[in-house]
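2 protein chains.
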Amino acid sequence: MSNRILHKGLKSKVMSAEEAAAMIPNGAILGMSGFTGAGYPKAVPIALAKRAIEERMKGKPFKVTALTGASTGPELDQAMGLTEAISFRFPYNGDAVMREKFNAGVIEYQDMHLSHAGSLVRYGYYGRKDNKLDFAVIEVTKIKEDGTIVPSSSVGANTAYFDVAEKYILEVNEWQDERLEGMHDIYTVSGKHGERGPIPVMKADDRVGTPTYTIDLSKVAAVVVTNNPDRNAPFKAPEDVHKKIAQHILDFFDGEVKAGRMPKNLLPLQSGVGNIANAVLVGLNEGHFEGMTSYTEVIQDGMLDLLDSGKLKVASATAFSVSPDGQVRFNKNIDRYRKQIILRPQDVSNHPEVIRRIACIAMNGFVEADIYGHVNSTHIAGKGIENGIGGSGDFARNSAYTIFMSPATAKDGKISAIVPFASHIDHTEHDTMGIVTEFGFADLRGKSPKQRAKEIIEKAAAPEFRPILWDYFKRSMANPSAGRHTPHMFEEAFSFHTRFLKTGDMKPKK
Amino acid sequence: MSNRILHKGLKSKVMSAEEAAAMIPNGAILGMSGFTGAGYPKAVPIALAKRAIEERMKGKPFKVTALTGASTGPELDQAMGLTEAISFRFPYNGDAVMREKFNAGVIEYQDMHLSHAGSLVRYGYYGRKDNKLDFAVIEVTKIKEDGTIVPSSSVGANTAYFDVAEKYILEVNEWQDERLEGMHDIYTVSGKHGERGPIPVMKADDRVGTPTYTIDLSKVAAVVVTNNPDRNAPFKAPEDVHKKIAQHILDFFDGEVKAGRMPKNLLPLQSGVGNIANAVLVGLNEGHFEGMTSYTEVIQDGMLDLLDSGKLKVASATAFSVSPDGQVRFNKNIDRYRKQIILRPQDVSNHPEVIRRIACIAMNGFVEADIYGHVNSTHIAGKGIENGIGGSGDFARNSAYTIFMSPATAKDGKISAIVPFASHIDHTEHDTMGIVTEFGFADLRGKSPKQRAKEIIEKAAAPEFRPILWDYFKRSMANPSAGRHTPHMFEEAFSFHTRFLKTGDMKPKK
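Chains as they are written, first to last, in the numbering used here: chain W, 1 to 510; chain U, 1 to 510.
Treat the hints with care, since some could be wrong.
Which copy? The list can't say, so a pair holds if one copy fits it or any two copies do.
To be verified - Each computed BS3-like pair below joins lysine-lysine, with the alpha-carbon atoms no more than 25 Å apart:
#: 1; residue 1: Lys264; residue 2: Lys129
#: 2; residue 1: Lys264; residue 2: Lys132
#: 3; residue 1: Lys258; residue 2: Lys132
Hints were generated in silico from the structure; no laboratory data involved.
Using the sequences and the accompanying hints, generate a full structural model.
Below, the structure is given as structure tokens:
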């Protein structure tokens with residue numbers, strides 16, 4: 001018996017992952033933990049994947065709906081994707097196998113703002129006829145004597161799934177450090193219309209909830225003990241192009257501070273996941289800003305650096321997304337980090353109410369941006385969906401500064417990140433303030449679409465693509481059947497994409 | 001001397017509109033009142049328009065930046081548009097002359113979420129080098145003895161403009177009924193990071209501010225007396241197609257109540273402006289729902305009907321948009337309406353914090369929607385921008401229900417409101433839950449893009465367009481160079497639009 005299960009009543013619920021998975025019927029709707037490669041269930045999903053194979057061999061269907069916080073690890077999305085044990089997936093995915101299944105059209109996926117996940121489930125939109133989920137399958141660190149639950153390395157949408165599911169399966173993962181206890185701030189955004197109050201977070205470091213989950217213990221159908229590591233990817237050292245992007249952003253911050261629009265310690269930083277975002281954090285760590293705070297989704301290695309150097313006072317998030325090396329460093333210094341890091345439900349970390357109140361700086365990657373400032377964060381023309389919008393929309397819509405960043409080209413310069421019309425639009429012209437590449441920072445604030453086009457082409461587009469972008473824009477301005485506010489030529493709006501799909505290069509042949 | 005100016009010090013500031021306008025230099029940045037055809041300044045803008053002509057005759061430029069709450073009336077946008085006295089306009093427009101100037105490319109326009117207008121101005125993005133505006137030009141109903149100001153028929157972004165402008169010009173409009181006093185709830189969303197608290201509105205009828213503006217009287221540079229009516233368009237009686245749309249929405253509400261997802265008195269209603277929105281209100285008035293509330297942007301005639309019948313308990317908004325007939329009725333019953341109607345700053349009426357907390361039902365018109373659920377609210381292919389996104393994004397992103405409604409066709413059936421790819425995207429697939437036409441209600445909740453396509457084509461598209469929409473979708477699904485998550489054929493994505501521009505019909509010739 002694991003020494004992580006201290007509540008007497010729940011000790012009797014301990015069983016194998018296979019026994020727990022056997023309780024889940026075909027067609028069940030599951031709310032599962034997991035946000036990035038952290039805190040997702042690691043045994044029951046594998047058991048469900050195996051069960052899907054067994055049932056299929058008997059000629060029977062076995063598919064479930066899998067709702068999570070965001071992406072998870074291979075034990076969930078890869079195993080259940082490979083075996084097509086999932087019929088419907090929501091609200092985010094980062095797994096390559098699962099992605100292939102979406103783009104092959106065999107698993108249905110809804111890509112959704114992460115702040116919406118919990119509330120839409122609570123509204124009943126993903127439930128059975130009685131609006132409930134069948135099971136919440138949640139990884140936890142520990143079950144305390146009083147039955148309260150120490151959360152794992154992500155909080156995600158767990159409070160919503162606990163609220164709405166009929167039964168619970170808890171995975172107690174002994175790999176998670178028990179000293180995580182006290183790092184979480186569990187505040188539940190629920191209640192009906194007229195009952196919900198403000199979320200009392202005024203600053204990134206405000207704690208407004210409890211360190212543990214309090215759940216209805218009678219709903220616990222199974223407790224499964226695991227001892228498996230989270231799986232997050234290592235970060236690469238920033239490449240030259242990433243460093244240039246980071247420098248443009250730092251220079252922009254300098255300008256804003258000098259202009260009196262931004263305080264010297266900046267505003268609460270939100271940073272997307274990935275190598276560019278990490279490069280910005282590295283740049284901030286090498287730079288001169290002090291006393292910063294972060295109100296974001298995930299804690300990545302660059303955040304640990306900033307906490308270690310003392311330049312960052314606090315990091316609020318909903319999950320860890322640290323590299324294996326970062327994990328070692330994290331565990332070593334966990335007692336210090338516990339005072340500096342707060343993990344909240346994604347209902348709170350991504351809530352428009354808090355983000356707008358505290359006026360974040362949102363920094364997220366993009367796939368492509370068009371000349372008028374619409375941004376594609378999710379789709380690659382010719383391939384399909386990549387990951388998903390994640391929390392970028394929550395932060396982009398509500399922050400004081402909304403910055404999207406990407407190298408200006410991909411595929412050895414054959415793909416331009418700046419195009420006439422984005423082939424999928426996740427963030428509209430109304431929600432984008434800065435488009436940054438290694439070539440510069442296009443500042444879109446207070447500009448009309450035409451003014452933005454000039455700024456984006458001249459500052460952000462790769463020089464070799466500027467002539468054909470200007471050509472498109474100028475001929476669109478002269479197009480007699482287009483208004484000159486946001487002019488397009490619809491025959492050619494996707495010409496960069498169609499050319500690439502035909503020739504492998506967005507540039508025309510010379 | 002007007003008996004509406006009771007503060008002694010400000011009596012000395014009374015002057016003509018021409019004298020006030022003469023204080024405004026070329027290139028000035030003005031924050032002006034006005035939201036729909038209500039509460040906008042009616043004399044100084046005309047004087048500015050005349051001044052632009054005079055200066056032009058002298059060979060001198062005269063152009064200002066005009067920031068408002070939303071649309072205004074002809075005295076502002078038509079007069080200043082005609083004379084090209086505006087160089088940059090923000091955040092919304094509904095005037096035909098101004099629209100022509102945008103689409104001719106001679107006046108720059110930024111179309112922006114209305115909840116953003118005040119905060120972006122406060123952040124300093126629209127100001128001079130010192131981040132301030134030059135003048136706030138604000139229509140008011142009365143200046144009280146103590147110098148507090150009774151607002152006019154709209155509140156809009158006035159609190160932001162008072163906060164950020166260096167000087168004020170007040171237009172005291174004697175046409176506005178003095179009994180408006182007490183109807184407003186002025187709560188200022190300002191302060192720096194770490195200073196801003198929650199907006200304490202928990203229900204549509206919560207009053208959290210003061211009935212008057214308290215301003216820095218030393219900044220008042222001029223007081224101009226006017227006596228001019230607001231100008232809002234009359235509503236048409238609902239046409240058959242509008243009634244059908246309304247009925248689909250009412251049927252949807254019935255289903256949600258029955259399913260236990262919506263209370264019997266519904267949720268706070270937000271309703272866009274226009275004939276379809278009004279038809280829904282008429283339908284609700286003839287229907288069986290009681291005890292409703294409204295948390296919206298504008299009070300239109302249908303809202304007055306619902307208040308008169310007692311089916312609606314309270315209507316919270318930021319402006320009136322009642323027809324001339326509605327205005328007569330309003331003035332007649334103003335003492336009752338004062339208890340039922342609350343006018344707030346658009347910072348509050350449209351704030352994501354409040355909208356998400358109280359879980360509104362958002363109902364807004366659309367120009368076109370694509371098969372995957374992206375919505376164009378602003379642009380007409382071949383013409384340019386129409387009005388703007390207004391508050392539709394504020395409500396669509398944050399409400400519990402997000403419904404977009406339009407007739408399925410326009411121009412005698414030659415234009416389909418459902419297209420393969422929207423020619424401009426204002427609301428993405430992540431923000432749309434219902435697409436409604438006279439043919440039905442496409443319920444997009446919990447559906448993948450492919451599932452949404454089926455729902456939209458079968459329920460919302462006009463029957464005569466369904467075959468060519470299915471043809472596009474099916475061939476896109478078979479397109480080897482498209483992922484099957486949101487498949488497109490980029491050569492044909494805008495084929496409906498290009499065909500219409502060539503032949504005047506989105507349908508191919510038979």
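Hints and how they fare:
Proximity of Lys264 and Lys129 under a CA criterion of 25 Å is satisfied inter-copy only: 18 Å between copies versus 53 Å inside one chain copy. In the homo-oligomer, the alpha carbons of Lys264 and Lys132 lie at most 25 Å apart only across protomers (20 Å), although the nearest pairing inside one protomer, at 48 Å, exceeds that limit. Proximity of Lys258 and Lys132 under a CA criterion of 25 Å is satisfied inter-copy only: 15 Å between copies versus 53 Å inside one chain copy.
Checked against the numbered hints above, the structure violates none of them.
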